[in-house]
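Asker: Sequence:
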Amino acid sequence: MAGKIGIRFQLPLKTERLVLRDFVEADWQPVHFYASDPEVFRYVEGGPLNDEQTRISIQKAIASQSEDPRLDFRLAVTLKEEGKVIG
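Numbering (numbering that gives the first Met the number 0), first residue to last: 0 to 86.
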């Protein structure tokens with residue numbers, strides 16, 4: 000089909016140190032840790048986010064996971080060894 004991007008990949012994506020995976024509801028708190036920090040948004044438009052804004056952002060990311068075609072690829076970045084969400 001014209002206009003469709005033909006790249007397919009399987010999640011999670013893993014490197015030596017990191018894992019990129021779909022967000023889950025429980026991720027809102029670790030995301031809020033950095034998303035509420037004004038320093039994180041010093042050079043980025045938007046933010047800092049309050050609790051509700053962070054939850055909504057995660058809910059939107061989760062909702063986009065089932066879209067076909069999927070156009071929104073907001074992914075959780077986690078430390079492979081710990082599973083800790085860092086981005």
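These are calculated hints, taken from the structure and not from any lab test.
For every residue, glycine included, the Cβ atom is placed at its ideal position computed from N, Cα and C.
Treat the hints loosely; a few may be bogus.
[What the hints assert, rightly or not] Here are the simulated SDA-like pairs of lysine to any residue, each with C-alpha atoms no more than 20 Å apart in a straight line:
1. 79 / 42
2. 79 / 18
3. 59 / 17
4. 79 / 10
5. 79 / 19
6. 59 / 13
7. 13 / 74
8. 59 / 81
9. 59 / 44
10. 59 / 16
11. 59 / 26
12. 83 / 7
13. 13 / 32
14. 59 / 49
15. 83 / 33
16. 13 / 78
17. 83 / 41
18. 83 / 69
19. 13 / 80
20. 79 / 69
21. 59 / 23
22. 59 / 41
23. 79 / 29
[Stated by the list, open to error] Quick list of simulated restraints, FRET-style, between CB atoms:
24. 41 / 8: 30 to 36 Å
25. 41 / 68: 17 to 23 Å
26. 24 / 70: 20 to 26 Å
27. 83 / 63: 31 to 37 Å
28. 45 / 70: 27 to 33 Å
29. 14 / 51: 30 to 36 Å
30. 29 / 7: 26 to 32 Å
31. 62 / 8: 17 to 23 Å
32. 78 / 36: 24 to 30 Å
33. 39 / 13: 32 to 38 Å
Asker: The structure should be examined with respect to each hint, and the outcome stated for every one.
Answerer: Structure-based check of each hint:
1. 79 / 42: The hint is violated at about 27 Å.
2. 79 / 18: holds, 6 Å
3. 59 / 17: Roughly 23 Å separates the two Cα atoms, so the pair is violated.
4. 79 / 10: holds, 14 Å
5. 79 / 19: Judged against 20 Å, a Cα distance of about 9 Å means the pair holds.
6. 59 / 13: violated, 23 Å
7. 13 / 74: holds, 12 Å
8. 59 / 81: Measuring from Cα to Cα gives roughly 25 Å; hence the hint is violated.
9. 59 / 44: holds, 18 Å
10. 59 / 16: Status violated; Cα separation ~27 Å.
11. 59 / 26: holds, 13 Å
12. 83 / 7: violated, 26 Å
13. 13 / 32: violated, 23 Å
14. 59 / 49: holds, 16 Å
15. 83 / 33: holds, 13 Å
16. 13 / 78: holds, 10 Å
17. 83 / 41: Answer violated: residue 83 to residue 41 is near 23 Å, above 20 Å.
18. 83 / 69: Measuring from Cα to Cα gives roughly 25 Å; hence the hint is violated.
19. 13 / 80: Holds, because 11 Å separates the two Cα atoms, which is no more than 20 Å.
20. 79 / 69: Violated. Residue 79 to residue 69 sits at ~25 Å, over the 20 Å cutoff.
21. 59 / 23: Holds, because 11 Å separates the two Cα atoms, which is no more than 20 Å.
22. 59 / 41: violated, 24 Å
23. 79 / 29: Answer holds: residue 79 to residue 29 is near 15 Å, not above 20 Å.
24. 41 / 8: 30 to 36 Å: This hint holds: roughly 32 Å between Cβ atoms.
25. 41 / 68: 17 to 23 Å: Given range 17 to 23 Å: violated, Cβ gap about 34 Å.
26. 24 / 70: 20 to 26 Å: holds, 21 Å
27. 83 / 63: 31 to 37 Å: violated, 23 Å
28. 45 / 70: 27 to 33 Å: violated, 20 Å
29. 14 / 51: 30 to 36 Å: holds, 33 Å
30. 29 / 7: 26 to 32 Å: holds, 28 Å
31. 62 / 8: 17 to 23 Å: Between residue 62 and residue 8, where Cβ atoms are some 20 Å apart, the hint holds.
32. 78 / 36: 24 to 30 Å: Once the Cβ atoms are compared, 18 Å apart, the range 24 to 30 Å for residue 36 and residue 78 is violated.
33. 39 / 13: 32 to 38 Å: violated, 25 Å
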